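Chemist: The lines below spell out each chain.
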Amino acid sequence: MLALVAAHLALAGLLPLLSARSHRAAFLVGALLPAGALVWGLANAARALGDGVTETTSWAPALGLSFSFRLDALGLVMLVLVAGLGALILAYSAWYFGPDSPEAARSAALLLAFAGAMLGLVLADDLLTLYVFWELTSIASFLLVGQGGEDRASRRAAVQALLVTVFGGLAMLLGFVLLGEAAGTYRISELLAEPPRGPMVGAALVLVLIGAFTKSAQLPFHPWLPAAMVAPTPVSAYLHAASMVQAGVYLVARLSPAFAGLALWWVPVVVAGLGTMLVGGWHALHETDLKRLLAFGTVSQLGFLMVLFGGGGRFGDVTALAGMAMLLAHGLFKASLFLVVGILDKRAGGRDVRELSGVGRALPGLAVMSVLATASMAGLPPLLGFVGKEAAFEAFLDGGGTPGLLIALGLLAGSVLTVAYSARFLWGAFASKPGVAAAQPQRPEAGLTVPAWLPALGGLALGLAYPLVDTLARGYAAAYPPTGAEYHLALWHGPGLPLLFSALAVALGAGLHRLREPVTAMHRRLRTPVSAQRAYELTVAGVERVAVLVTGRIQVGSLPTYLAVILTAVLLLPGTALVLGTTLPDEQVLYHAPMQVPLGVFVLIAALGLVRARRRFTAVLLVGVIGYGIGGLFVVDGAPDLALAQFLVETLTLVVFVLVLRRLPAHFREARSPRRVALPKALIAIAGGAMVASSAVVVSGARQQAVSDVSREYIRLAPEGAGAYNVVNAILVDFRALDTVGEITVLLIAAAGTASLVLATRYDRHRAERVISGSGGPEHEEEVLG
Amino acid sequence: MITINLSMALVVGALYAVGFYLLLQRSLMRVLLGIVVIGHGANLLLQLAGGPPGRAPIVGDAPPEAMTDPLPQALALTAIVITFALTTFLLALGYRSWVLLGHDEVQDDIEDRRVARRQRPAGAMEEESDAEPEQRAGADQ
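Chains as they are written, first to last, in this note's numbering: chain A, 1 to 786; chain B, 1 to 141.
Keep in mind that the hints were calculated from the coordinates and are not lab data. All values reported here derive from a predicted model rather than from experimental measurement. Built from N, CA and C at the ideal position, the CB exists for glycine as well. Incorrect hints may appear among the rest.
[Said to hold, decoys possible] Which bits of chain B does chain A cover? Going by a derived footprint, with three or more residues having C-beta under 8 angstroms, they are:
id	region
1	6 to 13
2	28 to 36
3	77 to 88
4	100 to 112
[What the hints assert, rightly or not] Ranges of calculated distance between the beta carbons of each label pair, as one might list FRET restraints:
id	chain 1	residue 1	chain 2	residue 2	range
5	B	L100	A	V655	19 to 29 angstroms
6	B	Q107	A	V546	22 to 32 angstroms
7	A	M595	B	D61	16 to 26 angstroms
8	B	D61	A	G753	13 to 23 angstroms
9	B	Q107	A	H667	13 to 23 angstroms
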C-alpha cells in the first residue's frame, strides 16, 4: 500500500514533464494510477471485508515510527471514492482545462499528488501516518485553491483554508499524541481493540474532534469551504466535495467504535453535526452561484454524516449502516453535480442562477443526469441517498428515546432544506426563467459528460443493488453494539415512521422551494453582523495586531538595549543561582603574592580612567596600560610565556589602533548621555562585574590541588614525549597541536577579513561628500580584470 | 580548596564592569575597547583559575610540586592571540563603517522603530478583510 501511495507522489513529480508536451496526456496518464488503485482495492475487497489487509513498513525503528496501512470495510468505501472519483475527475480535467490553460500543468501534478496523500490518509493504520497524510492533503488544498496566486480572492481563500485546517490539524496532532501515550500504541487497529480511558483521553478526544471539525467544515469552522470555491471546478469536485472534506467524517467514523459510548465524544459530534446541517442547508437556499450553493450543500451533508457516525455508539449499529450508505452516496452525487456545474461554466457561459435560462431544453442529457444526482441528494427512491436516509431515520426513531426523536426531527428539518436546495439547484441550472435570455450552450464533449454520468449512475446502481451496500456497511457496523432487531439496508421496509419522515421531507422541501421568494426576503432580514466568516477575519486581524504590538515592544532596534537585556538575563538567571545555590568558601586570602596588590591597583586606576576618557588616543593608551599591567600579573603568577605573549600582543594592538586613529577624529563624538540613561548602564555594568568576581571566587573553589592530574601527566610526558622542557610550549605545539592549528586558521581568516575591509577603501568613489562603496561595481571589475 | 584571592577577584570584576559599561555605549570605538577590556579580564581569569602563583612550568627549573598549572596557561595563551585577531578585525569593521557613513556610532534600526510606531500590520490580509463586507453582500443577493 505504501508503494501505491508512493507511486502517486512519484508520478505527480514526473507529470510536469509530460504536461510540457500535452496537458491532456498528462491528465489521462495521471488518471491511470487512481484507476489502478481502485482495481487493487476491489480485487482485495473480500479480504478487506474479512480480517482486513495490513502492511507495515518500518520508518524510524529507534523512535518506534512506522508506516502502517490497513484496508477494511470503511477504508474500502473511502478508497472507492478517493481512487474511483479521482480517476474520473482527472480524466474530466483533461477536457476541462483548455490546451493553453496556465493552471493545467500545476493542477495535474497537484491533483495526482493529492490523490496519493488522500489514499495514504484513508489507508493509514497509525495515528502519526494518518497525521502526515492529513497535513499533506491540507497543503495540496492550499496550492490548488491558491492556483497561481495572482488573484486576490484565490490567495485569500487558500490562506483561510490552510489556516483553519492546519490549526485543526495541529490540535489533532496533540490529541493523537495524548491518545497514543494513553493507549501505549499509535496503531489505530490496536487502539480500537482496547480503547484507552481516563481524563487524558477526554482531552485528547476534544482535540481530535477540533481537527475533524475543521477539516470537514463543521460549525463554526465552515466558512473556509464555500470560500474555497474559487478553485477550478475539478478541484472543488474532488477535494472540496468528494474526498478531502470527508476526511474529518472519516476520522470520526474511524474512532467512533472505540469512543462513541462516551458522551464527551458523541454529544459534541451530534450537536455540531446537526447545527452544521441546518446552517449549511439554510445558506444553500439563497446562494446564486451554483458552486457556492453546492458548497453549502456539502457543509450541510457533512454535518449529516457527522451525526450518523458520531451517534453510532449511543444509538446502535443502524446509524453506522446509514452513515456508510450516505458517505458513499454523498461522494457520488456531489462529484457528479460539481462536474455538471463545471460543464455549465465552460459550455453554457456561467454558473449564476440569475443568468442561466433554458439550459435544460438545450442540453436534455445533462439535465437528466443532474436530476438523477439531485434525486439521490434529496433522498428519493430508488437511489442510494434514499436508502441511507431511511436507515438514518430508522436508527434514531427506533429505540432512541427522546434524544433519538429530537435528533430525528433535526434530521428531518435538515432533509427538508436538502430537498429545497436540490430543487433550487435544478431550477437554477436548467429551468427556463421569464425575462432571462435563453442560453446558447455548446454541446459538451464526451470527455466532460462521461465522468459526470458515471457517479450519477453509480448512485442509481447502488440504490438498486442495496444488498451489496448492506454487506459493505455491515463490515464496518459490526464494530458497534447491535440494535435489538436485525436491520438491513433496503429500498422497501414497509410503511412506518421512517417512510413518513422521508415523504414529509420531500413534500415540505418542494413547498419550501415554491416559496423561494418570500424565504429569500426573510433570509436577508435575518442576516446578522455576527458570522463565522467575520469571526475568522477578526481573529486573523487580531493575531496580526498582537504580533505588531509584541514586535514593537521587544524589537526596539537599539543595540545597547538588546545588550542590556542580555546582561540583565545573565544577572537574573545564573546570578540568582549563584546567590541561592552556593556559599562562599570559608578561607579567603587577600592576596597570594605581595606584588599582586600594586599591579592590581595600577590596572584598576587605568580601567576607571578609561571610563572617563573623552579622547580616543587617551582611551587606547589606557587600554594598553591595562594590558601591560595584566602582563605584569602573569609574570608574578609564574607564567612567563603568557606574559611574553601579552606584551607582544598588547604592543601590536597599540600599533594597529594608532594606525587607525590617525584617520579618526580626536574625540568621541557621541554626546554625554543624560543621567537617566547613563545610570542604569552603570548599574548593570557594576552588577555584572560583581557577579563575575563572586562567581570567579566560588567556582575556582572547585580546584583541590595546585597542579591538576592532567597537568601532572603533561609535565611528566613533556621531556620524553615532546622533547620539550617548557611544558606550556609542549602543550601548545605538541599535545594539543590541533587546537593551535585551529587558532592559526582563526588568525588567517581574521587577517583576510581585515585586509579586505581596509583594501576596499581603494575602490571607494567620492560623490558629493558621500563615499560609495566601489567594490563589486563596474570600475572595480575593470581594475581587477584589467 | 584553592580559590582566587580577593584582590585579584576585584581586578577581574572591575575589568568586566568597565567592559560591560563600554559595550553599552553608542560609539563603535568604545564598544570595541569594551570588548578588548573584557578580553583582558577573561584571560586573567583563565590564568588565575589555574591556582596560586608558583614557579614557571619548566621541567628542570623547578620540581613539579612548585610549578603553576601549565594547562590554563596554554588555554589563556590561545585566548590572548584570538582576542588580538578579533580586535583587529572589529577595528577594521569600525573603520570601514566610519569611511562609508562618516561616523562610527551604533544607530537604532529605523525599520524597527517604524514597526514599533505602527498600530496594525501592513500585510495584505488586513487590507482584504476591510473590503470584505461589500463582497459578502454581493454574494448574498
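Chemist: Each hint: holds or not?
Modeler: The hints, checked one at a time:
no.	hint	verdict
1	6 to 13	holds (count 8)
2	28 to 36	holds (count 4)
3	77 to 88	holds (count 11)
4	100 to 112	holds (count 11)
5	B:L100 to A:V655: 19 to 29 angstroms	24 angstroms, holds
6	B:Q107 to A:V546: 22 to 32 angstroms	28 angstroms, holds
7	A:M595 to B:D61: 16 to 26 angstroms	20 angstroms, holds
8	B:D61 to A:G753: 13 to 23 angstroms	40 angstroms, violated
9	B:Q107 to A:H667: 13 to 23 angstroms	19 angstroms, holds
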